Structures are given as C-alpha cells and as structure tokens.
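Chemist: Input sequences plus hints: build the corresponding full structure.
Residue numbers (this note's numbering), protein chains in the order written: chain Z, 254 to 536; chain V, 254 to 536; chain U, 254 to 536; chain S, 254 to 536; chain F, 254 to 536; chain C, 254 to 536.
Honestly, the hints are just simulated from the structure, not real lab data. Computed from a prediction, not measured in an experiment: that's the story for all the values here.
Pairs count within a copy or across copies, as identical chains cannot be separated in the list.
Straight-line C-alpha distance at most 27 Å; calculated DSSO-like pairs for lysine-lysine: (1) Lys511 to Lys259; (2) Lys307 to Lys509; (3) Lys266 to Lys476; (4) Lys449 to Lys464; (5) Lys511 to Lys266; (6) Lys509 to Lys476; (7) Lys449 to Lys307; (8) Lys509 to Lys464; (9) Lys464 to Lys511; (10) Lys259 to Lys464; (11) Lys511 to Lys307.
The chain contents come next:
6 protein chains.
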Amino acid sequence: MFYHVKELQYHAKPERPDPIFAKKLQEVLGGQFGEISVALQYLFQGWNTRGDGKYRDLILDTGTEELAHIEMLATMIARLLDGAPVGDVETAAKDPIVGAILGGMNPQHVIVSGLGAMPADSVGNRWTADYIVASGNLLADFRANLNAESQGRLQVARLYYETNDPGVRDMLSWLLARDTMHQNQWYAAICELEEKENIVVPSNFPRHLEKQEVSYTLFNFSKGNASAQGRWAHGPSMDGLGQFNYVANPPAFGEKPKLAPAPPHIFNTLPQVMREDIPPSLK
Amino acid sequence: MFYHVKELQYHAKPERPDPIFAKKLQEVLGGQFGEISVALQYLFQGWNTRGDGKYRDLILDTGTEELAHIEMLATMIARLLDGAPVGDVETAAKDPIVGAILGGMNPQHVIVSGLGAMPADSVGNRWTADYIVASGNLLADFRANLNAESQGRLQVARLYYETNDPGVRDMLSWLLARDTMHQNQWYAAICELEEKENIVVPSNFPRHLEKQEVSYTLFNFSKGNASAQGRWAHGPSMDGLGQFNYVANPPAFGEKPKLAPAPPHIFNTLPQVMREDIPPSLK
Amino acid sequence: MFYHVKELQYHAKPERPDPIFAKKLQEVLGGQFGEISVALQYLFQGWNTRGDGKYRDLILDTGTEELAHIEMLATMIARLLDGAPVGDVETAAKDPIVGAILGGMNPQHVIVSGLGAMPADSVGNRWTADYIVASGNLLADFRANLNAESQGRLQVARLYYETNDPGVRDMLSWLLARDTMHQNQWYAAICELEEKENIVVPSNFPRHLEKQEVSYTLFNFSKGNASAQGRWAHGPSMDGLGQFNYVANPPAFGEKPKLAPAPPHIFNTLPQVMREDIPPSLK
Amino acid sequence: MFYHVKELQYHAKPERPDPIFAKKLQEVLGGQFGEISVALQYLFQGWNTRGDGKYRDLILDTGTEELAHIEMLATMIARLLDGAPVGDVETAAKDPIVGAILGGMNPQHVIVSGLGAMPADSVGNRWTADYIVASGNLLADFRANLNAESQGRLQVARLYYETNDPGVRDMLSWLLARDTMHQNQWYAAICELEEKENIVVPSNFPRHLEKQEVSYTLFNFSKGNASAQGRWAHGPSMDGLGQFNYVANPPAFGEKPKLAPAPPHIFNTLPQVMREDIPPSLK
Amino acid sequence: MFYHVKELQYHAKPERPDPIFAKKLQEVLGGQFGEISVALQYLFQGWNTRGDGKYRDLILDTGTEELAHIEMLATMIARLLDGAPVGDVETAAKDPIVGAILGGMNPQHVIVSGLGAMPADSVGNRWTADYIVASGNLLADFRANLNAESQGRLQVARLYYETNDPGVRDMLSWLLARDTMHQNQWYAAICELEEKENIVVPSNFPRHLEKQEVSYTLFNFSKGNASAQGRWAHGPSMDGLGQFNYVANPPAFGEKPKLAPAPPHIFNTLPQVMREDIPPSLK
Amino acid sequence: MFYHVKELQYHAKPERPDPIFAKKLQEVLGGQFGEISVALQYLFQGWNTRGDGKYRDLILDTGTEELAHIEMLATMIARLLDGAPVGDVETAAKDPIVGAILGGMNPQHVIVSGLGAMPADSVGNRWTADYIVASGNLLADFRANLNAESQGRLQVARLYYETNDPGVRDMLSWLLARDTMHQNQWYAAICELEEKENIVVPSNFPRHLEKQEVSYTLFNFSKGNASAQGRWAHGPSMDGLGQFNYVANPPAFGEKPKLAPAPPHIFNTLPQVMREDIPPSLK
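Modeler: Below, the structure is given as structure tokens:
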C-alpha cells in the first residue's frame, strides 16, 4: 500500500518555458529507460520476490522513489510548456524562433494533454511494458536494473547539455546523483549474489546438461581476428570453471535442414506442386 | 555484408512433433530476450560503434552467431509442428490428449504461418524493437548484453524442464552453453571497461555537476529497515568515490507544486471555472 | 513523493493454486481497464492539474490507492501460480485435469516471470499507455474515469463467476466495493462540474463558432427508424440550449472530392499515366 | 452491409496548403480519440448488441456517420499536403518559413503516403484497437462513448486555434457541432439506462457479494484533507444506497505478503541461495 | 459518406456454439490480413487517390464491401460464443470436453467483450494500422491488395478445415468466393497498369539515376548454386530492359566503415577511453 | 549459419552531415517497408520453406543481401549525424538554419542512440514484426515480396529528391537498382508458380466448396458506375475459369441479425433490463 506526499522529492522548476526541451525531456519520463520503466520494473520485481526480505525491501524502496521521479519530471514538463506558442506555423515563422518552436514541439502537448506531461517518449511513442523485466531470478534482474540505471543516467547526461536553463539543470543534477547511487546499489547487490552463486545465470542449472564443449569458445564469424585481442578469448573463463578458447574459422556442427512437406489442408506450396496427389476429400 | 551457410550451426531435430512445446519455444525465438533480440541488438551496437576495433568485431561476431540461433529455433519449431492435429476441438476432445493439444497450441501456427515459426513470443506478441538497445556507450550496452544473456539462459533452462524430448534437449544444451560463453564474454569486456572508466555510466560526466549530497544515499521509503542490512547501505561506495549512507525517514526536498492555469484556447478546466474571464476573442 | 507500506490494503490469498485463473486475473491487473491503467491515468491527471486543489487531491489519493490494488493483484497471481504443473503436455494429458491446465495456462508465467505476475492482460498483451488519458480538462477526464471504473467493475464481476475459490472471491469483493465507491465519487465530481459548466465538453468553446444547424440533429444512416424512438431524437437537448431533431434521410452537404495530382517527384500514379509530361529533370 | 456515397458529408477544402497543420490534424483522424476510434468503437458495440433494437440502431447509425468523418479528414489532409515543399532542409532554411515547414512536417506524408492521409496520430503512432471498447454492457459503453466525444471535441477545439484558414475552420465547425450532438445523445441514453438500472455498473451484480463496508468510503492517501471538501466525501452516495464517509488515515486491512519459494526447476533466486537443497535430478 | 443496411451481406449463423473456433475466427476479422485490414487499406487508398475515377471507385466499392465482411464475422463470432461455459477449469476438467474448451478459449471473450467479437486476432493482438498501406502509387498498392487477398483466402481455406459446422462453412464459402473475385480484380487492374507503365515501381523514376550495373544481377550469398536454376538468373529481365545475370561469389563493393568518434557531450565510449582529452567544460 | 564480411556491400558515405535527412532515411531502414522488414521477411520465409530447394535458396540469398543493406543504411545514418548541433533551440534559432535543424531532427538520435542509427522509422516508431509475413504458401509470399520491393523502391525514389548530397544519392542509386532486380526476380518466380498453379491463392482449395455464384462478380457499392469501366467487370476472369459480371445494385443476401441475450453472469445489458428474471444465485 502507498501514501502520497504532496511535496516533491526535489525541485522541478525551470527558469523559463521551453516546449522543445519539454518534448525531449519526455524521453526520461516515458521512454524505454525512463522513470516509468524503472518504477514499474522495480515494483513488479519486488512484488514477485519469493523470500529474501532485504532484497524485496531494497527493490520496493527504490521503486517507490522512482514514482517520485516520475512526479518531478511530469511537473517540470508541465511548467516547460507554460508559454507554448499557438497558431499556424507560416505566420509564426516570420519570427524564426517562434517558427522553429512551433515546428519542433510535440503537437500532442497542446492537442492531447493540454500542456501536460504524457506517458510517452521524446518522439511520442506511448510507454509500454515491453520495456521492463521481472524474472524471479534476482541476479538476472539486478543486471537488468544496473543496465536500466546506466542507460538512464547516460540519457540524463546527454539532456544536461541540451539546455542551459539553471532550474532544469538543477533537477537533472538530482537525477544524475540518484542514478549514481542506484548504479552503486545494484552493483553491490550483484557482487553479493555473484559471490554466493558464481556469475552465470541461472547458477543452479546443472552444468553437465549443457554442451560444455562450447561453453567457453569464442567463434569468430568474420574475416580478421580483431575479436581475438580481448580477455574473452584467452585465459581462464570469468566464472573460473573453464578456459576461454578462440575458433578462427567456426564450422557448422549441424546439417542442412530439410523440412517435411505440410499436409494438404494447410495449403502450403507443395514441393513439386503435385496437385494430383491431393486426397479426393480436398478436391 | 553477410554470407549464408546452408548447414545449421547445431542440430535442431526433435524426436517427435509437439505443437504445444512449439508455442512455448517461440519465447526464446521472438520474445523480449529471444534470439531476434540479441541478434539485432548486437548488430546495431556493432554498426554504431565509433572506433575501438576489437569491441566492434566482438559485437558483430556475436550478433552474427545469434542469426544462426534464430535459424536453429525456426527449424526446430517447424519440425515440432509437423504433426499438428486439425479439426474442431469438441470432436477432438473425445481423446483428451488431442483435445488438450488443440486447445493449447497457437492457432496462428496453422492459420497464419502454415506450420512455420513466427517472429513472435510464446503468447503471440510479435517481436518489436522496443526490446533492444544500442546507446553508443559500450559499458552501458555490455551491461544490457549481460542482462539479455542472463534472462535468455534462464528462459532456456526453464524450457529444458518443460520437455523430455531428447532432440529438443540436445539443441537447448547448445544454447545453454553458448549463453554461458556469452555471459562470460560480456562480463570480461565489462571488467576491462570498468577498470579504465570506473563503474558509473557515463564515466565522463563531470561529477561536480551532479547533486553529490545524495550520490551514495539509500532512502528508505517504507516502514521497517530490512533494506539497511545490505552492502549498499554502509561502507565505501562501489565506485570508491564516496560512502554509502542510509536515511531511514527521507524528507521531501522540494515544495508542493502549483501549476499556472493554462491559457483559454487550451480549454482546460480553469481553477475557478471562471468563464467570465475568458477574452472576447474566445467567445 | 510516495511511501510504501509493507502490508497489503486487503487480503490476497487464494485457498488453492489455479494457474488458469491466474492467467485470467491478469486482465484486471494489466489489461485495458486494469489497475495499472487507473493508477497511471489518475496520477498523470493529478500531476497535470493546474489549480483546483480539491480535485488534484482527490485524483492523486485515488491513484495512490490503485497502486495498492496492483500490489494485491500481483500478490494473488503469484500465489495462484504456486503449484503450476511442469512438463510436456502429452504426458500430462493422461490426467485430463493436468492436461487442460498445462494447455490453458500462460506459458510466460513459467518461462518469463518465474511464477510471478506480469504487466500484461489475460492474453499476454503487455500494458501500454495507449490505454490512458489525461487531457487537462477535468470534466472530460472524470468521464474517462467513470468509464474506466465501470468497465473495470464489470470485468471483476465477470471474473467472480469464473472461480469458486473463497479467498479469491474475498479479494474480488473488495475490488467490487472500491469500484462502487469510485464510480460514485467520479459521478459526484461530474455533477459538480456539469452544474457549473453545462454538459458539453469543452464548455467554454464559443458556441457561435460551431455549425449550430446540426448541433442537435440525429442523422439516421440506415433504413428503418428504430433510432428515432429515444429521448435523443425529440424534445429539448440535454444541455438545454437546443431542440433535438431527427433526419430520416440525411443528405450529403459536401461535394464529391477531386484531389489535385501529386507533383512528379512523389512518384504517385498520375491521372492518365502521362509519362511524357514529366519534367526533364525527372528523366 | 454498407453503401458508399461519393459526396462528402460536409466540405473539406482548405484555402491554402499547410503541411504542418496536416500533421496536427492527423490527431483527430487516427489518434486515440480520433474518428477511426469512434467509428470502429461504435460499429463493434452495435454488432455485439444482444437485443434492444433502438440502442443497436442508434449506435450503428452513429458509427456509420463517423466513417464519413474519417473520409472528410482524409480529404482535408490530402489537400493540406498539396504544396508540400521538397528538398534538403539546409538549403530550404535560407527561407526560414520553408525551413520551419520542412523541419516540422511529418516525413511520412511524403515518403510513405505520397501526400495522403495516414491511419496515424499527430506524432505518427499508427492507430491501434487498444483505443476502443465494446463490452456488451451498454451503460458502461455509453460512458465510454460520452468520454470519447468529450475528448474528441476538446481536441478539435484546440486545433481550431492552431489555424486561421477559413476552409479548415469551416470543417472543424461541423465536427464541433456533431460532437455537441453526440455528447447530448449519449448523455440522453445514459440517463435512460441509469433511471432503469441505478448508476453503478454492472447494476445487476448482487450487492451483498461486495465488501459493502467500504463501498462509500473515501480513503485519504496523503497528508492534508483537501479531498474531503467535495460532495464525494459526505452525504448520501450518488446511487442512493449508502452514505459517503471519509477516512483521513486509512489503515492496511491486509497482512504483509510472504510468498512461498518457487520449485527448483524455475531457477528463481532461492531465499537463502541454498544450492545444496536442490534435488539430485537438477544437478 | 456511408449508409448502413441492417441485413447482412450473407448468412452468418453457426449450427452450434464453439468458443474455440470463435477464437480462431478472430484471425480473419482482426488479424494482419483480416477484414479490418482490407477494409481500411482500401478506404484509405481510395480517399488518397488523386484522379483516375475508375480506380478510385473500384477501390472504394471494394473497401465498402469489406466493411460488410467485418460485420458478418463479428456476428458469427458472437453466435459461436453463445454457449460459452463458465466456471473454474479444475471442476470443469472432470468433463474433458468442457475442460479443453475452458482452457482453450480466449478469456477476453468473456471478461472484456461479454461474448462479443473483438478487434483482435486469434491470439489476442489488437488490430493495428501497422498492417495496412496506401502509398499513392496504384501499381504498388494493387500489389499490396493482391497480396492481402492471397493471404486472406489462404487463411480462410485453412480455417475451413478446422471446423465441420455447416453454418460456419457456408459463410466461409462466401468469403472464399469473394476473395477469388478480389484476387481476379486486382490482378486485372495490375495488368492494365503494367501494360501502361512497365512492371518496375515506380515506373517514372529516371532509370539512368539508378546503379544500372546491378539492376539485373542475382547475387548468390551462399555456398551452392540452387538459386541459379530459376528464370530470375538467366535470359531477358521481366521488364524487358536488361539481361539477368548470376554472380556466384559476390564481392563487397564498399569499404570497411570507420566512424568518427562522437563529441564528448554525447558520452559515448571514446576510442581509447581518453578521458584526459575531454574539454574542461565537461569536467 | 552466417558469416560477416567487414566491408560494406556498397559505399555509404555522405559528403556532409545532415541530421534531418538522417531522420528521414530511417524510414527505409526501420519502417514498414524498410530493410529490416525485407531481411526478416525473407529469412523467415526461407527457414519455413518445406521442400523446393531453388526457391528456398533464392529467398535466403536475398534475405542475406538485405542484411547488408541494413548495415549500409545504419552506417550512412551514423555519418549523417556526425555534426548534429547541440544546445537549446531558442539560442540556436538565432541562426535559422541551426534552429530548423534542432527543431526538426529526431531527439532520440542524440539522447537514446548517441548519434547512431535506430531500429525505427522516420517518425520514431520502433520496428515491429507486424510488418512481415511468411505463410508457407510461396505464391502468396512472393506477392508479399513483390509488394515490399515496390513500396520500398517507391520510398527510396522519394527520398532521392529530398537530398542533393552526392554521396547519399550514390548509395540510394544502389538501393534503387537492387530493388529493380528484386522486383524482377519475384515477378519471375510468380510467373513460374502461376503457370503451374493458376493465379488464385491457394490454388488447391477445392473450387466447388466456394460459393461460385459470386466468384467473379463486381458488386458496385456506390451510386455511379465508374467502376464498371475496367477489365475487372466484363469478359473472362483472369484465372480463365469464369466470366466477370457487374452488379450495379447489390442486394443483401443475408438476414437482419438478432443475437440471443447473454446469460446473467456476463452482466451485459439485458434486452428489457429485466432484473427480476435474474436467477436467485445472482442476487
């Protein structure tokens, strides 16, 4: 269950409206790695956690904080839209600044949301749960989380240099710091699990049931061996259970596939287009 | 540019058809973490890599291998569909096995693909590029890759116990081994980059521009302090640049937001619904 | 900002596992009118509200409660999945009950979420923000909310008769009651706004700018006049500003459209396929 | 069955081309509350209506009219695109008006549709049936319809002030008037059903089966009681069957959830990561 | 503008309910090549046709007929759902027929649509305008139409053998015949345009501007020359303007790409991870 | 299985950066008829082909070539983004060229991909497998392929006139030529199959089972007989098995549908809203 606090976690006030930056800022609100994604990803992970109280609590606490970040971004976007110009572009373009703004802003910010934030990314794709993951395996999911915070902080850093509004930058500096913490925290949780479980997910699938001959082999599927120059091609494997090896010219281990013809009622093209062989019931 | 080899990378032949398992196996072909996802994720990452020849090569080699895995899975699914029963379920259900199969298989495997594999997951959602990421930042993307291989191997492991067909299990044992390698390989590449760059992505955003007061703080957004018991709440931060600290009762740092009313031509509800204040041009 | 409370708002414990009902229950968690939809719809509406403190508060309070409903449903679904059978259907179908369950459950509940709830509906479509609306006009949005609670309660009522598990029914009785309240509450808010604004949204668009000749006309676009028998075809209009009238044989008011040919560089089919008229620069 | 009339229901001719307004106008053609949405929503509702001839007829007549509105908007958009500039933006931007247009128009209007309307919204999202609803319960669906016409008219009103082309405004004035009628008509139908059925949907679910203790309770999930100031918090409920009451500090009625561990073949993280307890068959 | 006729174009009455076939039949109503797709594809093509009255008329007439086919399928599906069983599967599975039906039917047919047809395919994906095309080039679009009618008739033929209900088969025999006509009709229109324009779309792009050296070359991108055995590898090209030729070992014509590093404010991984070169403004 | 060649199939180097053209060029990379679509469409068709070695080989060779085209476009887009301006639009718009570019480019090219190509179209819709088809019937699928190459070449032709960069045009001239070949090649394959099978897909569905009375009838669903003037309305049908005929005023062959009421537990609106008839178990 949740309680809402009417105050924002941190300030979200621009110095001046900027409808084009409002469009861009949607990316970290409703994009693939925006705050809706991390909020719902963490909450679903937490609700599905079976046991392990401290992980469940950590995940749900972080998911709850991300709800506050959605709120800050929504507020900021609404304020950036305050002075959105209106009217037809041709008239407006006599002032090139107004023209560039009218041509470049997200039309749905006027027509659909009435100067409000939308659950969408910077090009208008609505948020979708395709973006998130909650698998029940915490090591896998903490890696998903570390990725999400890495991509998210990267996007915020790029946005930082797309504006020079001190109010916007102040809010972004908060998000950057929190993403620093969240990367650190998932990193710590990952280290703890890797120590207990080894690094390959899932750690408890019986290793003898996998095709171990190729568990540490780098297949080079191109001419030139640049890919042989890394740690991944030589020496002990990272999980400590094998030796990396490099295959410069990987062969095919399988055969050329030959599929059986489909039965007549499927109406596929038959190998020799032999209509005469079709049973009478299909004529 | 690519060349195709007519042989499969590894065998993909079941002992007997099983249309319901064909439906399930679609998950690791066309699902969120299926082979289409890793193939296209790696290829886009490789094509977008600016410099760093060995990483580019590693990424593209692996993407190229994943194309071969799509091919193996597509072939396996087509063969699992070979003997798909046809007809109405009510008649069929007199034989409970046939009934369960007819009720449980993916109808599109007959109607749409004519006993072929589909670019879709185990419940029929078509594959979408929402699943993939190529950000230009390799540390971020290698984390995305490690996550994808972790989720993917987890799903294959679960599928392994949903069938007892030796041919299917043989192919899955190949995929499990390759996912072991790919987890090891991205892990190695991550270690290399983290050593050079430190662990927080992006590493080169100026740290003094983030709100450093909260860069290592765990906010506890719930009653009870289970989340305080982890490595993430105390001691030096994982990036070595700070000290974790734990805030049991996090305050709001921002103010209660109050948005300005929208102009009349937006037709939002006005704060006091004061129609008399609307300018004459809007009457 | 939000705080999380570790206790559920209400009980969410089935008497026995039922993986097929878990699949169905996903509808009111992650479907078009599920709890994710109302939670995010209300939260975005609240965050975008410009002024009118009591409406903003009402909306955000309700959105916050819906987060608790997502949590209850996620917990219930995880528990319904506890005893999910595993294995191939053909073997299982020797016991028709197990066979029906294996054929009928959502395979992603095993492969993807590891016996956890998913942000998806009962056929596996992932939740999308296409489902929600926050327009900035409160009367419009309260109507959206009343609709969402009507559709939602209808779906819960239907689900009630698809199970006889007392624990599940107990939780559904809670959701039914809360939907009763939420329908009542949006109804009350609508009445208050309609009294101030009249019933047509947006109320402050100048009426003389619309084509008032057809503002209260029911056009009968079919043979037979059954549609003339309602309140909507005769008498004063519901907004009190006109008289309904019924047109049994509606004419076309416009002309047959004739579009100009596209310029050659668009490469559309030209009206007379006159390739000779294409300018030399395009040859 | 349908017949097509070659004339438009109303004029759809702009005075001059305007490719940026063409982009914006797509919203009310192919957006969430555009004409495709209402047309298909009403048609599906009508086709699924079981009995009640006059409602079925009303719904289908209105759906048929909406097809004519799609046609008018498609024609208008094609004409607004007539003079779309072509060429590279850098050259064009020497004339700021042309530059703003080239940068601001929808590139698919040239590349994909060849100066034709698209089944998409103003940012290019293709129309999806996620937008519509036909539940079989007419009171619920009429509320959906009243909402759709409210959102739709709101969007048309906003668009009216984004252009000053008399031809475009003339067509919009027609759509505004028809939306006035459609709001009035669904309102009338709702009143009729509410009188017969009471206001809570579905009206015939047995009330004693819901948790009646909380059927009229407003839970305040935030600090501060602004939400207590409305009609929804005090007095008789809108359905006349209860009394609203306000709970300032809502407790949790449920317990802290504790989920059972998943079986080993699911490969979730185990509560204590006790690999030694995994059965031999999984080693 | 459209008029609706209350009678169906053809009968749509099954002899007995069959909820699983109702699920399958959704494919040709709301799937990729279902009736919604052809209806909206043709209508958009017609509305966007610039000139050429007889094509415009043909396209719109056919689109209007497809609306009638949606109606027939919706009616049939509603009737197939008439006797849908209700209750929990475990109880039901004691009767294997009822169990198979409950496990195999689309749960949304009960929960969401209340025994009505849905704008979705046979696995529950909602219809999307991603499925359709209207390019403004009639030869291209007629090919799209011929494809749609080919895929559509193929799916109906497959469905024919999934039921033995005479009423359902009677309706399918109508759709099969109409698809025969529509394939013939688009074929005729294609022949007419190909005669005027030649076969390559767009026909009026200046041929000398394409890289004519490879306009008739089949590149063999695999070992083995099976693909050389067709008409496409030898002899005059189908457009009569060249000679097919076959390249057994196609070379790369381009160079190995080398991308420039991104500027620092993009925060991509730098080629040598040279943090020292980043300008002071980014530190 | 595949091998990657590090060289591009053809040059992909612009003379100068052009971020707005980069946005437009995404259409033929990741749009409905872009290179991802044809690559995956052909590969899935090839993998699903049952027999017919030469067709399988042709399809897979072509699919493999399309992978090389994705690579060329991705490389070109990355280079077009090289000099993308950064900063806020208002400042930038003082230089109208920079302003138009900043307002018109795809913000995700900076924020999400870090100056790399994206698996998306020109308005930012992510690629989806909704775009492709592999039915198992080769004649149907070759028609899909001919359509895809027609739409694709049309889009490339339009893009050719949106740029005057010689490097970009050089690459487009390659794609145009290859699309010329691919249209010729699918055309040849279609001719071969049509000769063997006749033109109606599927050719082996028993003709006497379709409603042959209407297999060659053009129904005129509008006033005016423009559609009667084509080859499709008179003379022998294209498949040689019938005579086209034209019906100027098509009647309805079916009856007015009347659906049975739903059972009470579905909670649909009942025909006469007769709550008294609901069984006691539902009260």
